[in-house]
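*Asks:* This is what each chain is made of:
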Amino acid sequence: MKAFIDSTKCSGYGACADRCPSVFEIDEFGFGAIIGDGEVPAGDADQARAAAADCPEHAITVQD
Amino acid sequence: MTSAHAGVYPGLTPRLMIGESASRPLTLDEERAAGTYEPVDPGGVIAELERAGLRGRGGAGFPAHVKWRAVGGGRCVVVGNGEEGEPASGKDRWLLTRRPHAVLDGLLLAAGATGAGRAVLYLSHQETVDAVAAARAELPPEVASRVEVHVVAHRYVAGEESAVCNSVNGGPALPKAKPPRVYEAGVDGLPTLVSNVETLAMAAWIARRGAAAYREHGTPASPGTALVTLRGACARPGVYEVPYGVTVRQLFTACGGTDPAGTPGLLMGGWFGGIAGPGVLDARWCYDHLAAAGSSLGCGSVTLLARDERVADVAAGLARWYAAESAGQCGVCRKGTEAIAGALARVRDAGLAGGAAPPADLAGLERWGTSLRGKGACAFLDGAANLARTAILAGAAAGHPAAGQHHRNPPRERAS
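If you read the protein sequences in the order shown, they are chains A and B.
Those letters in the first sequence? Residues 3 to 66, by this note's numbering.
Those letters in the second sequence? Residues 2 to 417, by this note's numbering.
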């Protein structure tokens with residue numbers, strides 16, 4: 003599973019980094035960023051899906 | 002750039018700058034005599050491009066056969082990209098105004114090889130729009146009507162492939178987030194090949210003459226010839242057809258009419274590759290050697306800085322351009338380009354005042370040079386990151402440490 007952030011939509015709410023800190027972080031400018039290549043670690047799929055569902059800007063996609 | 006010089010590297014038999022095209026547009030008769038529009042078996046084209054090792058000429062250098070193959074096999078669209086958003090490049094405008102038929106021919110060939118139902122030529126500069134219109138008017142209507150022309154306002158990001166598809170689809174010429182990539186869903190939601198116009202013209206040359214002929218010039222890893230745009234402090238700035246593998250110094254001595262010794266630096270790959278110190282003069286102008294030298298070939302443009310230019314001034318001017326030209330869609334790009342511009346301006350000012358550059362700015366530039374690559378919806382921020390990374394290195398290499406030696410030369414305004 004892989005996660006993507008649409009940076010044209012991200013406004014820096016930070017919900018993604020709260021929900022799934024193994025995949026998402028807040029960059030030094032305050033916007034959501036993917037850690038590494040966005041590959042979701044085994045066992046964190048539910049958290050990654052929660053991050054996508056809870057993003058107020060619908061900026062996150064997770065693909066199986 | 003179209004009024005600038007044009008020519009062929011000494012001893013080279015050109016593939017694109019043929020006949021009188023260095024000095025005037027070719028006529029349709031001259032094009033036909035050169036083989037343009039001659040039928041080609043579309044079935045073998047992609048394999049021939051693979052054997053030739055043709056790489057895209059828009060800047061990324063992606064293998065052409067991979068892109069062509071990725072959209073084939075079903076309904077798809079091909080777009081010839083002649084927008085040439087890179088400010089330091091003029092070669093696509095040269096090609097479109099001097100050999101518009103070669104571009105149309107290449108686009109039709111790409112449509113045939115991929116089975117595309119639509120072929121679109123994407124343009125912005127008025128002289129290219131006029132030249133293509135005149136060329137289409139010379140063609141039989143049933144041929145001319147197979148190509149659509151789409152015109153956009155010129156800006157850097159308008160030539161990015163997702164911006165191209167967005168615009169052709171009726172939206173703004175602005176990049177979109179990936180996925181999907183355009184080879185998955187682009188124009189009309191179909192797999193779309195967006196190819197630089199020089200790549201298309203060269204693909205047509207290869208389709209008719211073969212990969213072995215293409216490889217007679219260049220290097221094994223960077224075969225063939227390419228159009229290069231030389232700019233800056235040289236006697237004959239302009240567009241030249243050159244073989245891959247000559248040194249950057251030879252580009253300027255053989256084509257640019259200037260010995261580049263003594264330059265403090267060069268802008269590589271258009272502006273996208275950042276600033277290289279004079280050490281790059283002895284690197285071979287090809288993909289692998291420039292990458293090994295920490296630079297890039299990009300869209301094939303090289304700008305020579307004058308001996309009295311300061312790397313820190315040029316870097317600050319370019320960084321300000323990036324901040325102003327950012328489409329502002331992505332927060333990280335808006336803030337990242339502003340941060341780089343602010344830091345490089347303070348580094349410049351510190352040097353002019355005879356002081357040391359702020360350590361926090363130097364640390365920030367070094368960090369952003371890596372951390373901002375691959376961020377944002379398109380590669381625009383990568384260009385600013387390349388500038389941040391290379392400016393410090395080039396400043397030091399040129400004896401103008403970005404950390405700020407005192408220089409009496411006044412800052413120079415750079416035209417964009």
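Think of the hints as simulated: they come from the structure by calculation, not from any bench.
Treat the hints with care, since some could be wrong.
When the alpha-carbon atoms are kept at most 27 Å apart in a straight line, the in silico DSS-like pairs for lysine-lysine are as follows [stated by the list, open to error]:
{"#": "1", "chain 1": "A", "residue 1": "K11", "chain 2": "B", "residue 2": "K179"}
{"#": "2", "chain 1": "B", "residue 1": "K179", "chain 2": "B", "residue 2": "K336"}
{"#": "3", "chain 1": "B", "residue 1": "K336", "chain 2": "A", "residue 2": "K11"}
{"#": "4", "chain 1": "B", "residue 1": "K179", "chain 2": "A", "residue 2": "K4"}
*Asks:* Each of the hints needs a verdict: does it hold here or not?
*Replies:* Okay, the hints, checked on the actual structure:
The suggested pairing of K11 (chain A) with K179 (chain B) holds, with an alpha-carbon distance near 12 Å, which does not exceed 27 Å. Only pairs whose Cα atoms come within 27 Å are accepted, and K179 (chain B) paired with K336 (chain B) is accepted, the gap being roughly 21 Å. Distance hint between K336 (chain B) and K11 (chain A) is fulfilled; the C-alpha atoms sit about 15 Å from each other, no more than 27 Å. The suggested pairing of K179 (chain B) with K4 (chain A) holds, with an alpha-carbon distance near 12 Å, which does not exceed 27 Å.
Comparing the model with each numbered hint stated earlier shows that all of them hold.
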